[in-house]
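Novice: Sequence:
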Amino acid sequence: MNFSEYLLIAVEGIRNNKLRSFLTTLGIVIGIAAVIAVVAIGQAGRAMIMKEMENYGTNLFEVYVNYREGEYSTGRDFDMVDVSVIKNLVPEVKYLAPVRYHQAKMRGPLGEKGVQIIGTTADYLNIRNLEMQWGKFFNDEDETVARRVVVLDADLANEIFGPENPVGQRVIFNDTSVVVVGVLKKGDSVLGFDSSKRAYVPISVLHNATRWTVINQLVGSASERDMVYQAMDRTKLILERRHNAPPNRYAVFSMEQEMQSASKITGIMTLVIGSIAAISLLVGGIGVMNIMLVSVTERTREIGIRMALGAKRRDILVQFLIEAIVLCILGGIIGIIIGCGGAMLVAKVFNWPSLISWWIVLAAFTFSAGVGMFFGIYPANQASKLDPIVALRRD
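In terms of our numbering, the sequence shown opens at residue 347 and continues consecutively.
Please note that a few of the clues may not be correct.
As the list claims (entries may be wrong) - No more than 30 Å apart at the CA atoms, straight line, and that leaves these computed lysine-lysine pairs for BS3-like:
| # | residue 1 | residue 2 |
| --- | --- | --- |
| 1 | Lys440 | Lys543 |
| 2 | Lys451 | Lys482 |
| 3 | Lys482 | Lys531 |
| 4 | Lys531 | Lys658 |
| 5 | Lys731 | Lys658 |
| 6 | Lys694 | Lys532 |
| 7 | Lys440 | Lys482 |
| 8 | Lys451 | Lys433 |
| 9 | Lys451 | Lys543 |
| 10 | Lys433 | Lys658 |
| 11 | Lys531 | Lys451 |
| 12 | Lys531 | Lys694 |
| 13 | Lys364 | Lys440 |
| 14 | Lys543 | Lys482 |
| 15 | Lys397 | Lys451 |
| 16 | Lys397 | Lys440 |
| 17 | Lys582 | Lys459 |
Unchecked claim - Computed spacing ranges between beta-carbons, pair by pair:
| # | residue 1 | residue 2 | range |
| --- | --- | --- | --- |
| 18 | Thr643 | Glu351 | 34 to 42 Å |
| 19 | Tyr413 | Asp579 | 32 to 40 Å |
| 20 | Lys532 | Asp572 | 50 to 58 Å |
Simulated from the structure, these hints should not be mistaken for laboratory data. Backbone N, C-alpha and C define an ideal beta-carbon position, used for all residues, glycine too.
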């Protein structure tokens, strides 16, 4: 017998036992669908995280102080001269801005809101890749002369002024009246990087309003992505020398490091969850083996007749093995369709990219055939070992 004859006999056996065949493939269908859906969704989520981090600034780095337990900022860890010195001495640094955070109540025409005031300089706009909806961001001159201007986030502007353009109107915080010169575009975020309810003022204005010239951290952007680590290290070294600080006084952080960590974590999570889903494939394989053993028992007389007509043990073994493989491949195909459909549905609901890799589909198809071969070999072997005389006596 050739392969096509074996295949026809296997297909005929499946057609004659539709319900049993369906139940046999069910575990494979669920397992393959789960693995494909989990891996595809994991890849889509990973792509979204990477995309958002890239939008936030892949060249970005931050420098902050490692405060000891119970220690607070004295205002002497950073100063405005640091910014000028670093920008002049470190060519790898394209933009650098001091940052001061301050919680305050901001009052406008529609009431008072709790906001985070960020005191910084004009470079902050480029470092954070912020975009303007209305107006403009403040410039270096505004910071130098401590011009009382403010840039609002879209949500904050809407809560204080309503949907109209508020540029030119005034708000008050810390008894300081400032003019709105711009409103940032609202950005969607799945990572918590959105800047909801923040207001940005020149750092000199915030220092005057709070009567405290403290800088919480420096944020910068390297000239090129591959220069981030050089920019961080040289910035840290200059700060240590200027402030006579020990090597562990200043800590650095980069978005590149965060992206690598996020990629590694999402990859591990996808692998772990996919492995858990793959366990159902083993359960499905055991189900295939059990049903095939039952099939051998039920078809004992058929096996005896075939052997009496000249079929060899090898023919019986190959017949049942191919039947098991065909069942698992059919289950794999159905599982691939369901898994891909489920992944695309989730991607559409959450507005994620639909990332279904050809390699996972090919791997799923190959694995389903492998499951059929592995779990089908024992029932097929049992069928081939039947004594034709004993088999013919079975009712």
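Novice: Take the hints in turn and mark each one as holding or not.
Specialist: Against the structure, the hints:
1. Lys440 <-> Lys543: Holds: Lys440 and Lys543 sit about 28 Å apart, inside 30 Å.
2. Lys451 <-> Lys482: 23 Å, holds
3. Lys482 <-> Lys531: OK: Lys482 and Lys531 at ~11 Å, within 30 Å.
4. Lys531 <-> Lys658: 76 Å, violated
5. Lys731 <-> Lys658: 10 Å, holds
6. Lys694 <-> Lys532: Distance of about 22 Å is within 30 Å: holds.
7. Lys440 <-> Lys482: 21 Å, holds
8. Lys451 <-> Lys433: 34 Å, violated
9. Lys451 <-> Lys543: 11 Å, holds
10. Lys433 <-> Lys658: 84 Å, violated
11. Lys531 <-> Lys451: Roughly 22 Å between the alpha carbons, so the hint for Lys531 and Lys451 holds.
12. Lys531 <-> Lys694: The given pair, whose Cα atoms are some 24 Å apart, holds under the 30 Å limit.
13. Lys364 <-> Lys440: Violated, at roughly 69 Å.
14. Lys543 <-> Lys482: Measuring from Cα to Cα gives roughly 18 Å; hence the hint holds.
15. Lys397 <-> Lys451: 34 Å, violated
16. Lys397 <-> Lys440: It holds: about 22 Å lies between the C-alpha atoms, which stays within 30 Å.
17. Lys582 <-> Lys459: The given pair, whose Cα atoms are some 37 Å apart, is violated under the 30 Å limit.
18. Thr643 <-> Glu351: 34 to 42 Å: The hinted range 34 to 42 Å is violated for Thr643 and Glu351, with Cβ atoms some 24 Å apart.
19. Tyr413 <-> Asp579: 32 to 40 Å: The hinted range 32 to 40 Å is violated for Tyr413 and Asp579, with Cβ atoms some 21 Å apart.
20. Lys532 <-> Asp572: 50 to 58 Å: Check failed, 32 Å falls outside 50 to 58 Å.
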